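*Asks:* Now for the letters of each chain:
Number of protein chains: 2
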Amino acid sequence: MIVTEVNRLFGLKYPIIQGGMAWISDGKLAAAVSNAGGLGVISAINEGPEALRREIETCRSLLRDGRLPFAVNIMLMSPLAAAAADIVVEMKVPVVITGAGLPTPYMKKWLAASIQVVPVAPSTGVAKMAARLGACAVVAEGGESGGHVGDLTTMVLTPQVADAVSIPVIAAGGIADGRGVAAALLLGAAGVQCGTCFLPAKECGVHANYKRKILEAKDIDTIVTGKRLGHPVRSLKNAFSRQFADMEYDAAVSDRQIEAFGSGALRRAALDGDVQNGSVMAGQCAAMLHEEKTAEQIIADMFREAQDALSAADRFLSKEEPHA
Amino acid sequence: MIVTEVNRLFGLKYPIIQGGMAWISDGKLAAAVSNAGGLGVISAINEGPEALRREIETCRSLLRDGRLPFAVNIMLMSPLAAAAADIVVEMKVPVVITGAGLPTPYMKKWLAASIQVVPVAPSTGVAKMAARLGACAVVAEGGESGGHVGDLTTMVLTPQVADAVSIPVIAAGGIADGRGVAAALLLGAAGVQCGTCFLPAKECGVHANYKRKILEAKDIDTIVTGKRLGHPVRSLKNAFSRQFADMEYDAAVSDRQIEAFGSGALRRAALDGDVQNGSVMAGQCAAMLHEEKTAEQIIADMFREAQDALSAADRFLSKEEPHA
Chain A
49 MIVTEVNRLF GLKYPIIQGG MAWISDGKLA AAVSNAGGLG VISAINEGPE
99 ALRREIETCR SLLRDGRLPF AVNIMLMSPL AAAAADIVVE MKVPVVITGA
149 GLPTPYMKKW LAASIQVVPV APSTGVAKMA ARLGACAVVA EGGESGGHVG
199 DLTTMVLTPQ VADAVSIPVI AAGGIADGRG VAAALLLGAA GVQCGTCFLP
249 AKECGVHANY KRKILEAKDI DTIVTGKRLG HPVRSLKNAF SRQFADMEYD
299 AAVSDRQIEA FGSGALRRAA LDGDVQNGSV MAGQCAAMLH EEKTAEQIIA
349 DMFREAQDAL SAADRFLSKE EPHA
Chain B
49 MIVTEVNRLF GLKYPIIQGG MAWISDGKLA AAVSNAGGLG VISAINEGPE
99 ALRREIETCR SLLRDGRLPF AVNIMLMSPL AAAAADIVVE MKVPVVITGA
149 GLPTPYMKKW LAASIQVVPV APSTGVAKMA ARLGACAVVA EGGESGGHVG
199 DLTTMVLTPQ VADAVSIPVI AAGGIADGRG VAAALLLGAA GVQCGTCFLP
249 AKECGVHANY KRKILEAKDI DTIVTGKRLG HPVRSLKNAF SRQFADMEYD
299 AAVSDRQIEA FGSGALRRAA LDGDVQNGSV MAGQCAAMLH EEKTAEQIIA
349 DMFREAQDAL SAADRFLSKE EPHA
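Protein chains in written order, with the numbering used here: chain A, 49 to 372; chain B, 49 to 372.
These are computed hints drawn from the structure, not numbers from a lab.
Some hints here could point you the wrong way.
With a cut-off of at most 30 Å between alpha-carbon atoms, the simulated DSS-like pairs for lysine-lysine come out as follows [claimed, not checked]: (1) Lys285(B) x Lys341(A); (2) Lys266(B) x Lys176(A); (3) Lys275(A) x Lys275(B); (4) Lys176(B) x Lys285(A); (5) Lys259(B) x Lys285(A); (6) Lys285(A) x Lys285(B); (7) Lys285(B) x Lys275(A); (8) Lys176(B) x Lys259(A); (9) Lys367(B) x Lys176(A).
Source: prediction; values computed, not measured.
Only chain A is shown next, with the shape it has when bound in the complex:
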């Protein structure tokens, strides 16, 4: 078994957190991940407060043991964030992951309710501020991840965040197999957060077309759009993302027109299955996924490989100088 501070912090069999993917990470997927020994996460920003309550209830009803932890991911830029911030307190959600900024206005309330708070940080500056606010851990998310992305990659962000804060660091971005988990740990992380690799999970309710597109992706098939608007997003290349990219370099197109073009695009792909005219958000590691599996198989395979990689790490060490 791989055991780190992250197992102990949340009470997990494996130090892995599922990514909070808007319109995708629901109660069923979260329960499957928590039942498998990871930390399942429900996205708070899908359809509004009632839907969030329902997903939390669904997750609880599917957990094989009521003491298993799960989390809600609140994307702070969302207009639904404030309502979600109250619901997690009211429904006694044990862990909250936050994205896109710092959860400063909510921290006092959450800490008073004994909620463990884990902000996602794209830089050492945000990670340090999160630690000062009372976060129990921080996700260092590299720009190879899917959806909303930062600039720094997992390889450079993880060790720098590990040096910058004394709370546990969870590496995210580009991790889809045991080699990635092992590498993240040696870079200074105490766990991983994975989103893309749960898209093909049997328990993931994303549209079958979206799953197929993920499983067919090649290494060079993702693109980042939205930089002009200040909100870069990584998705698979398709008619939608190519046109978005063209519009960004076209001065005749206004920012408002681009925003309107992008609006509803994730929902179109994730729920309606329109993977040409919708946004198929995914990380660069989509290309490393080859089959549909249960959440339990995904996690168990990943950690068995990671354990093998760590056990064999001394194969690179030799007592003799290769060349005197």
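Dock chain B against the given chain A, drawing on the hints supplied.
*Replies:* For chain B alone, coordinates are given in the frame of chain A:
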């Protein structure tokens, strides 16, 4: 000691290759890296054929043992590439690293001269073609690196290239300390290529202003420009790179005007020390560099840390399930 196929392939004490940085990687730096037990690399595209001959002679004259290997890096898009391709044969350079494409037209000549050829690949497709051409190894270079960059990051590119080819893979991009080296090895690499971390080397002839700017860089201080032209380049943020970025989104500015604006910018920073109006090319890991050291100290420190990280990799392993 860390010993892999890369030590054996080139006859190295450490499995590390210095990056070929235009206007910066000269015979003196290459000799310092080779004398320290790595593979020193001379950039072929600085001032033309005579300068390249001179740098190769300088490198040879500074090597403490004439049998030590060194390499020349040929950026294939450069108008100087064809001349450099002949010079490496004529001067019996043992290893050639190529960048920006595939060295197809030169392979027969180089292999006939027993030159070891190592192409840099930004994707699995290029890596596979390089292996088919007879390359002895391939550099998988992540987009967090400095200078000309690809899209895929080291975290996702390294394992995919390792799966795609049977020749040794050398990971590049974002590696500046022993944690990065250890992570690269567990991701499937047999060695590393580092450019940015040699910029503050005592033996590196880059202008003192450039070195200072590297040592002062924070994690979020790099930017990628040139995507509109199809040749993205990573450098530190300054007046030059900010203006370049603005011009890219300005439809009133032609591609030709942008090209003209960028022309000579690296030379201006690296040789003249104008780090505001020149291009201070560097990778994201610049923020991890804190002091000037000799090439030997840089390499020895990095590999001592990597050895410690690999030796301690089993600290994450436990025989007991953390939660039954």
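*Asks:* Taking the hints in turn, state whether each one holds.
*Replies:* Structure-based check of each hint:
1. With a CA separation close to 44 Å, the supplied pair Lys285(B) and Lys341(A) exceeds the 30 Å bound.
2. Only pairs whose Cα atoms come within 30 Å are accepted, and Lys266(B) paired with Lys176(A) is accepted, the gap being roughly 14 Å.
3. Of the pairs offered as hints, the one joining Lys275(A) and Lys275(B) holds, with about 12 Å between alpha carbons and a cut-off of 30 Å not exceeded.
4. With a C-alpha separation of about 22 Å, the suggested pairing of Lys176(B) with Lys285(A) holds against the 30 Å cut-off.
5. Straight-line distance between C-alpha atoms of Lys259(B) and Lys285(A) comes to about 39 Å, which puts the hinted pair past the 30 Å bound.
6. Under the criterion of a C-alpha separation no larger than 30 Å, the hint pairing Lys285(A) with Lys285(B) is consistent with the structure, at around 29 Å.
7. For the hint linking Lys285(B) to Lys275(A), the alpha-carbon distance of about 16 Å falls within 30 Å, and the restraint holds.
8. Straight-line distance between C-alpha atoms of Lys176(B) and Lys259(A) comes to about 27 Å, which keeps the hinted pair within the 30 Å bound.
9. Our distance criterion of 30 Å between C-alpha atoms is broken by Lys367(B) and Lys176(A), whose separation comes to about 34 Å.
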